[in-house]
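Chains as they are written, first to last, in the numbering used here: chain Y, 1 to 477; chain V, 1 to 485.
No lab work stands behind these hints: they were computed from the structure.
Just so it is clear, the structure is predicted and the values come from calculations on it, not from any experiment.
Just so it is clear, CB atoms sit at the ideal spot from N, CA and C, and this is done for glycine as well.
Mixed in with the good hints there might be a few duds.
Claimed, not checked - Partial list, derived from the structure: chain Y residues whose beta carbon lies under 7 angstroms from chain V:
(1) Gly30
(2) Ala31
(3) Leu48
(4) Phe82
(5) Pro84
(6) Pro87
(7) Lys88
(8) Tyr90
(9) Ala265
(10) Asp267
(11) Pro274
(12) Leu276
(13) Val277
(14) Lys306
What follows is the residue order along each chain.
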Amino acid sequence: MRYEPVIGLEVHAELSTKSKIFCSCSTAFGAEINTHVCPVCTGQPGALPVLNKQVVHYAAKMGVATHCHINQLCKSDRKNYFYPDLPKAYQISQFDVPICENGYVDFEVDGQPKRVRFERIHFEEDAGKLLHDEGEGTVVDFNRCGVPLIEMVTRPDIHSSAEAKEFLETIKTTLSYLQICDCRMEEGSIRCDVNVSVRPEGTEELGTRVEMKNINSFSAAVRAIDYEVNRQIEVLEDGGKIIQETRRWDDSKVKNLVMRTKEDAQDYRYFPDPDLVAVEIDDEWMRQIESEIPELPQSRYARYIKEIGLQPKEARIISDAYDKACLLDEGVSMGRVDSRSIANWILSDISKYLNDKGLELKDTKLTAGKLVDMIELIEKNTISGNAGKKVLVQLFETDDSVDAIVDKLGLKQVSDEGAIQKLVDEVLAANPKSVADYKGGKKNVIGFLVGQCMKASKGKGNPKMINQCLNKTLSQM
Amino acid sequence: MELYQKTAAELSAMLKNKEVSSVELTKAAFARTAQVEEQTGAYITLTEEKALADAAAIDSRRAAGETLPPLAGVPVSVKDNICTKGIRTTCASKMLENFLPPYNATVMEKLDEAGLIMTGKTNLDEFAMGSSCENSALRKTRNPHNLDRVTGGSSGGAAASVAAGEVSIAVGSDTGGSIRQPASFCGVVGMKPTYGTVSRYGLIAFASSLDQIGPFGRCIEDTAMLADVLMGHDMRDSTSVPREYPSLTAGLNADIKGMKIGLPKEYFGEGISEEVSKAVLAAAETYRQLGAEVVEISLPLSRYALPIYYILSSAEASSNLARFDGVKYGYRAKEFDGLIDLYVKSRSEGFGPEVQRRIMLGTYVLSSGYYDAYYKKARAAQRAIRADYAKAFEQVDLILTPTAPTTAYKIGEKTSDPLQMYMGDICTVSVNIAGLPGLVQPCGFDADKMPIGMQLIGPRFGEQTLLNAGLAYEKASGLSNIVAL
Ligand SMILES: [Zn+2]
Chain Y
1 MRYEPVIGLE VHAELSTKSK IFCSCSTAFG AEINTHVCPV CTGQPGALPV
51 LNKQVVHYAA KMGVATHCHI NQLCKSDRKN YFYPDLPKAY QISQFDVPIC
101 ENGYVDFEVD GQPKRVRFER IHFEEDAGKL LHDEGEGTVV DFNRCGVPLI
151 EMVTRPDIHS SAEAKEFLET IKTTLSYLQI CDCRMEEGSI RCDVNVSVRP
201 EGTEELGTRV EMKNINSFSA AVRAIDYEVN RQIEVLEDGG KIIQETRRWD
251 DSKVKNLVMR TKEDAQDYRY FPDPDLVAVE IDDEWMRQIE SEIPELPQSR
301 YARYIKEIGL QPKEARIISD AYDKACLLDE GVSMGRVDSR SIANWILSDI
351 SKYLNDKGLE LKDTKLTAGK LVDMIELIEK NTISGNAGKK VLVQLFETDD
401 SVDAIVDKLG LKQVSDEGAI QKLVDEVLAA NPKSVADYKG GKKNVIGFLV
451 GQCMKASKGK GNPKMINQCL NKTLSQM
Chain V
1 MELYQKTAAE LSAMLKNKEV SSVELTKAAF ARTAQVEEQT GAYITLTEEK
51 ALADAAAIDS RRAAGETLPP LAGVPVSVKD NICTKGIRTT CASKMLENFL
101 PPYNATVMEK LDEAGLIMTG KTNLDEFAMG SSCENSALRK TRNPHNLDRV
151 TGGSSGGAAA SVAAGEVSIA VGSDTGGSIR QPASFCGVVG MKPTYGTVSR
201 YGLIAFASSL DQIGPFGRCI EDTAMLADVL MGHDMRDSTS VPREYPSLTA
251 GLNADIKGMK IGLPKEYFGE GISEEVSKAV LAAAETYRQL GAEVVEISLP
301 LSRYALPIYY ILSSAEASSN LARFDGVKYG YRAKEFDGLI DLYVKSRSEG
351 FGPEVQRRIM LGTYVLSSGY YDAYYKKARA AQRAIRADYA KAFEQVDLIL
401 TPTAPTTAYK IGEKTSDPLQ MYMGDICTVS VNIAGLPGLV QPCGFDADKM
451 PIGMQLIGPR FGEQTLLNAG LAYEKASGLS NIVAL
């Protein structure tokens, strides 16, 4: 029998607000243990939470970008459970009325369109971290405690690990487009839990679902799903039954183990947090949120293929990176140079520089205007393509204008006809054998002669003009 | 007349006229405390050294010619569930016996800004859960009018400290009557302000949607003066109401001609002692003579108030008190085997029986399968009670009721029967459920010479009307500034 996996994801993304969700402590990553803490985020008796409105704003942005219905009256609920990393012994989250409901994202898997629906998106606070290697006993670090998260819960619309991976990539790209998450995977800014069941292909009824936790990267999600799907199929093939349970993924061992079964599922005793009042997103606020949603990657991807003629792979590379897509769109909108060449520069030299240096565009000084200035000079034959590469490095690292860089580095091409003629005459005079060869029909010596001219000009001669001039002069000889 | 017998308003005037210094006043307060504290047991912690230093600072500011707020230099006691930075804050619980808060409650900042001198932290029922102060795990407090009687609770220490003249004013908190009922039992004035008018930031939560800090005094004017210090908007408390807070003291006016006062018939029947009913009805008569119109009204949902209160307050308490887990602060069991054992032992040993009872009750009503039948239903009934009051306040300006079914009972009399104890809150809890202000003041004594307190209930933000009506009665009855012991 063939089986179809049915997969739903719960994705947690840390929002990139400056301060925590219920206090003014910093959300910066990597600080000394328990330095970004206060009475509120360490759950001191009597301390009270005050909701950071930016969290509401960011969560609603994600909802709008994923076609969700936005519940404009946001309430907060307490999720009660005991754990040492949770100082109040309850997490402030949203229960029955999440800020966003019933959305979806569209993306492509192997060139085929795919839609995954969202059940809900809600905001909540992150917990602290238990450190077991800080000397005697266990240390609780509350720096992450109270960092805002959104939890995005999908419907079980995913049917393979490949789809799951593409979905996660889409979420990540969308978050970065909205500029509401740092998307630093190594810092855990996006994490996911996976719900997996399998059913005989062609049937509708859902199988028993197993939840997997502790998945820390997209590639781990792929491995975890593949493992769990195979495990479930094996159990069923052996005549066994799937037990509803939560399993913990161990990526280093590439296997999962039971964490808890349905019997010891916790009762979180959700109830509205009496310390917080409902926050209303009024219509004006909604309009502000909507106005901040940029054109999203899926749309740009399609446009780059259709309007600029990029290959799907190329379009994907640019549309996946918000800052690259913005650079391209801004450059194109100036209408001064060929769109395709802007894309080419982004795909080649710009991407390579960023990769080599481990930087993002925003960490450099490159602007769309300067990139276009530079390409324009190449198109006008003022500088060579090679010289452009040298200019680009300066554009990343300095505030200088393109003209200033070209001057400073002396990259201007010789395009003066008289100067070129003089150059050609000199080279022809110095290479009589080549001239004879040319006249004897060996037309390909022209390449050698162009090279000699370039050498004589110390690389600054305009190769196209030299070529033309050589042809003309030789034919007249 | 001794200094300890004077009202805060009188002390304020003496300080202003430099007839007395704050250091002298503070010394007098501690002298009186030394004299009576063994009998009253009002305090858990005395902060004499700090108080004298604070008083000296106020004196030197005054000597330098600075104009100080009215209560600057006047001693005040603070209930021990309000966080005081570096000064232990116990909630009268073994759980927090040695807890030193790392921060000050907003009301502590306000007291400090107003120049008040904190004398110490007063006793309460553990985590403010109780109606007699007998649930304190740390101290036994006795009623200054009769040392065999309870003070009421949970702010029993606060009420006793004021009644015995240890201080003229005190800060308490009220979740279901915890200011008003002990005020009634101890023959002093106490006010629970409208929910949201005093910041809860730093008040160790019992039931967040019902808790409210408020003032005690021995007269209406003192109560108004302290209310003026405590009330105001606070950004750190999301439930704090942003609005104007005009001075209640400045607005005091004893002319209540034409005021309409309602007597809800449900508050004068079965379960209320005759002596109490009689005294409150006599107060109604006084109001009539003062030119108020007194009418009978009905609050038909009153009988649901008690179960609603115990469901909502216990539900919130079960969550609010979950943080006391032996991990971060407070009591931790000496020996434990693993995390769960640490939780179970620390909480079983750290919390007293009443607190454990409420946590269990609250956990139960929030559990899946019971939530709809209890918590959700109670919330719906809460809205109905609010509507009940709103309807009543279309007819009348204020509502007059008894504060408690009886006067202060004997210590130990009700400790074995929690339900009987809960019944004592029947007149006060609906005020918290509806988020309204309530004022309690003495209106007579019973045959055992125990004070009887009457309760005035106002509409939201109706504190000024309450205090004016209180002042009118106080002047007419002469029942003011009663110092016991
Ligand atoms: Zn904090």
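For each hint, the structure was consulted:
1. Gly30: violated (23 angstroms)
2. Ala31: It is violated, given that the least Cβ distance between alanine 31 of chain Y and chain V is near 19 angstroms, above 7 angstroms.
3. Leu48: Result: holds, 5 angstroms to nearest chain V Cβ.
4. Phe82: holds (6 angstroms)
5. Pro84: holds (5 angstroms)
6. Pro87: holds (6 angstroms)
7. Lys88: holds (5 angstroms)
8. Tyr90: For tyrosine 90 of chain Y, the interface hint holds, since the closest Cβ of chain V sits about 6 angstroms away, which is under 7 angstroms.
9. Ala265: At about 10 angstroms, which exceeds the 7 angstroms cut-off, the nearest Cβ of chain V leaves the hint on alanine 265 of chain Y violated.
10. Asp267: Interface hint status for aspartate 267 of chain Y: holds (5 angstroms vs cutoff 7 angstroms).
11. Pro274: holds (4 angstroms)
12. Leu276: Given a least distance of 5 angstroms, the restraint on leucine 276 of chain Y holds.
13. Val277: Nearest chain V Cβ about 5 angstroms off; hint holds.
14. Lys306: violated (50 angstroms)
Hints 1, 2, 9, 14 from the list above are not met by this structure, while the remaining hints are.
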